[in-house]
Amino acid sequence: MLNRRDEKQPGLRYRWGKRAQELSSQQIDDLLEEIWLRKEENKESISDLLELTKEKDADITLRIMAKKGLIFFEGEKIKFQEEGQKRAQQIIRRHRLAECLLYNIFDVSKRQMETSACHFEHILSVEVTDSICTFLGHPPLCPHNKPIPRGSCCAKFQTEIKPLVKPLTELRIGEKGQIVFINPKHHDHFDRLSTFGVVPGSQVLLHQRHPSYVIKCGETELAMEEKLAREIYVKHVFT
Amino acid sequence: MKRKSHRTIASQDERKSLVLVGNPNVGKSVIFGLLTGQYVTVSNYPGTTVEIAQGKATLNRKKYVVTDTPGANNLLPMSEDERVTRDILLYRSHEHIIQIADAKNLKRALLLTLQLLEAKIPFVLVLNMMDEARDRGIKIDHRRLAKILGVKVIPTVAIRRQGITAVIHSLDHRSSGSFQIRYSKLIEDGVNELERLLPEAHLSKRSLALMILGGDESLTPWLQQNLDKRQIAKIEAIRQSIQAKSSLSLSYLISKERLDHAEDILNEVYTSEPPITTSWKAYLGKITMHSVWGVPILLAVLYLIYLFVGKFGAGTVVDFLEEVVFGKYINPGATQLAERILPIPLVKDFLVGEYGVITMALSYGFAIILPIVGTFFIAFSLLEDCGYLPRLAVMVNRIFRVIGLNGKAVLPMVLGLGCDTMATMTARILETRKERIIVTLLLALGIPCSAQLGVILGMVASISPLATLLWAGVVIAVIVIVGYLAAKVIPGESSDFLLELPPIRVPQFFNILNKTMARIEWYLKEVVPLFILATAILFIFDKLHILTTLQRLASPVVQSFLGLPAKATDAFLIGFLRRDYGAAGLYTLARDGLLNPNQIVVALITITLFVPCFANLLMIIKERGWKTAAWMALFIFPFSFLVGGLVNMALHIFRITL
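Chains as they are written, first to last, in the working numbering: chain F, 311 to 549; chain P, 1448 to 2105.
No wet-lab data here; the hints were simulated from the structure.
Ideal Cβ positions, reconstructed from N, Cα and C, are used throughout, including at glycine.
Check before you lean on any hint, since a few could be wrong.
In the DSBU-like style, the derived pairs of lysine-lysine whose C-alpha atoms are separated by at most 35 Å in a straight line are [said to hold, decoys possible]:
| hint | chain 1 | residue 1 | chain 2 | residue 2 |
| --- | --- | --- | --- | --- |
| 1 | F | Lys420 | P | Lys2069 |
| 2 | F | Lys420 | P | Lys1728 |
| 3 | P | Lys1758 | F | Lys486 |
| 4 | P | Lys1503 | F | Lys486 |
| 5 | F | Lys537 | P | Lys1652 |
| 6 | F | Lys476 | P | Lys1676 |
| 7 | P | Lys1881 | F | Lys537 |
| 8 | F | Lys537 | P | Lys1463 |
| 9 | P | Lys1594 | F | Lys456 |
| 10 | F | Lys526 | F | Lys545 |
| 11 | P | Lys1676 | F | Lys526 |
| 12 | F | Lys537 | P | Lys1972 |
| 13 | F | Lys353 | F | Lys366 |
| 14 | P | Lys1594 | F | Lys486 |
| 15 | F | Lys545 | P | Lys1692 |
| 16 | F | Lys476 | P | Lys1652 |
| 17 | P | Lys1733 | P | Lys1681 |
| 18 | P | Lys1594 | P | Lys1676 |
| 19 | P | Lys1652 | F | Lys486 |
| 20 | P | Lys1703 | P | Lys1692 |
| 21 | P | Lys1676 | P | Lys1703 |
| 22 | F | Lys349 | F | Lys456 |
| 23 | F | Lys476 | P | Lys1463 |
| 24 | F | Lys353 | F | Lys396 |
| 25 | F | Lys378 | F | Lys364 |
| 26 | F | Lys364 | F | Lys486 |
| 27 | F | Lys526 | P | Lys1463 |
| 28 | F | Lys476 | P | Lys1594 |
| 29 | P | Lys1703 | P | Lys1632 |
| 30 | P | Lys1503 | F | Lys545 |
| 31 | P | Lys1758 | F | Lys537 |
| 32 | F | Lys420 | F | Lys396 |
| 33 | P | Lys1935 | F | Lys526 |
| 34 | F | Lys389 | F | Lys353 |
| 35 | P | Lys1692 | P | Lys1554 |
| 36 | P | Lys1503 | F | Lys476 |
Label pairs and their in silico Cβ distance ranges [to be verified]:
| hint | chain 1 | residue 1 | chain 2 | residue 2 | range |
| --- | --- | --- | --- | --- | --- |
| 37 | F | Gly379 | P | Arg1848 | 56 to 62 Å |
| 38 | F | Val490 | P | Trp1969 | 44 to 50 Å |
| 39 | F | Ser435 | P | Lys1692 | 29 to 35 Å |
| 40 | P | Gln1672 | F | Glu437 | 55 to 61 Å |
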């Protein structure tokens, strides 16, 4: 099969055998991801991709992907086949949700986030991905403000499942939440908040947002700025 | 109000020591007053009661020295106040401790109670503000609580003196309680290891071990006094190894476990059935912070203060004191007396001459400054006690963020309108050094104190509304721009805005009276002598004709750049020593027709921005140090002239006549 020669695309080398044997699905995934990213930047041509990619022998991999029915070529442009589109979408989704998790919840540095997310995207199953998506409240954008492709859980969001945990800032005025965790940027926020009784397990009520956030925890009323309120993650309490 | 270090509090003869501890805003100072029969500043704005008050009391026929500590939420110190409180308990043994709690916030108080129990020191628990708890439908079974903890628990309403007798009776019996909590294994292991290394102390080894685990660095001096280097190194190693086994900070874990236990206790003794109707106080509490309605309320409050301090204080009372008391009686009386008994003209001049101590310093100090500052303090105490002040901070926080401060800075800024010197001291309530410097700078630069504010406003308003706007606009713009730049330039961090909002209360007349008297007393002791000193310096300058020399030196700048007549220099020079004199000097010039409206505005703008008065400068040196004070003065001095000159040029260029 690998010996069939179809139309020759200019610029691509044709050394099949060895390359095809070495090719792993991870490498295909990585390249699919890059094609997607280039498409987001409106760069669809083969030369653009080959210029910008860091993958070795990317041109050969492209050829193999076309053979496998993941992509096809239209003149100079690369386009997704249906299977390729789905697969690329999943990878991007996993990658960006992983970024959200690492950056927004665990407060990891941007560089760490990027390296780790690159690994995450290859190992997360659909179920785990959807759980992370639900946990984060179906975020629409990654930390780089790029769109996160929707999953099946996002559609249900409209009707059944509510996000489990959300920052205090997303409560409605007058709504109560139970603190699930606090994610402070500085550890002394923890201590000062805990002195006022603002700890996981306590219930807080959001009084107002402007001009400052005012919450009530027990019988204590506290004023704080939005950036501190965003560090407190609550789940909705049904009274 | 001098700061007393716990180390210098000498034990007073055979008096036993009684210490009051508790969260901020619980009424400690009220109870202190009731026990000792004397008051200290009853301030519930967090951080203002930094000083420690002590008083004598005879209770149950025993003699005590009662110490009122700063409000503390935790004996694992996270602020200087808490460290001082902890140190007071650590460095001396006390006969008895009274923990005063806000009944409705019992859970937070229990955080402290559990630590007192761990420390194994005798104490009683007072549940204060029971009336507010009742208003919210909160019921506390204090007998049950007493049984659980093993110490006496007494409900009180301190401002109405209810329950105080029971508190005094409870001091007969000393109990350090029986309730102890057990922490998770990790922490208990750490405590066991540390206990073996710690020496005997006034607080139990267990409580000290927990403080060390919590990363309390302020304990180091005490450790160094009692242990050798090797042991301290071992202690640190143990702490680090325990911390390494946990992904969360140990101090957080310990607090969290304490709060969990507090919650358990609470569930057994505390019930809350909130009433259906909101009280008017709760409603006020909300609306004063409302993003829309809060603003007119704020403006109304400011206007009322202006009426009270500006019109009544600076107008009616000052006029009375100045013209009648001093003008008709004291000044002429003193002058006549001096004529008769003091032959030496120099001494006579010193006392009753143009720059005389009595005729100038005292008459201004008592006739002009005192009524203004006094009325201001009354208004301020009212704001504090009713609970509005923190809400004011909420309203202005966003604006203050622009200039590198947060809403808490509203306290010194507003106080600065009364007296900059006192406000500079209050800058202590801001948490970071950077914020304290910015506030001190802005106070010295742009906030006119009440002494000159009255004169300035009077002068500028009599010209035209445009003139008033121009003056106010330039000063405010300068404050904002300098604050913004200072925030960028000065190294350091700004603190986060996290402020507790006490409930709106009806202020008690006696509290206000006592607070105001305490502040006036401070003012008379600390600031008035500086005015006398300044007047004396002026006297010497005048006698040595230094003033005229300085006038000649400064007049090029004053005349050409600012476009003012030479005589205005006097006003500026004097303005350094006595703020109000500077403004008054300009007033005289204007009244005598020597200044046209343009010049008046330029002069007023310059003098508002001019270097801080002598007293304020000394306070800056004391609070922020020589170097910072020098930098500020070096900046403010030419800067104020620069702005004045620019305004002058602008008025010329745009051919505006005010």
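Report task. Go through the numbered hints given earlier and state which of them the structure violates, listing their numbers in rising order. Result -> Hints 1, 2, 3, 4, 5, 6, 8, 9, 11, 12, 16, 17, 18, 19, 23, 26, 27, 28, 30, 31 and 36 are the ones this structure does not satisfy, whereas the remaining hints hold.
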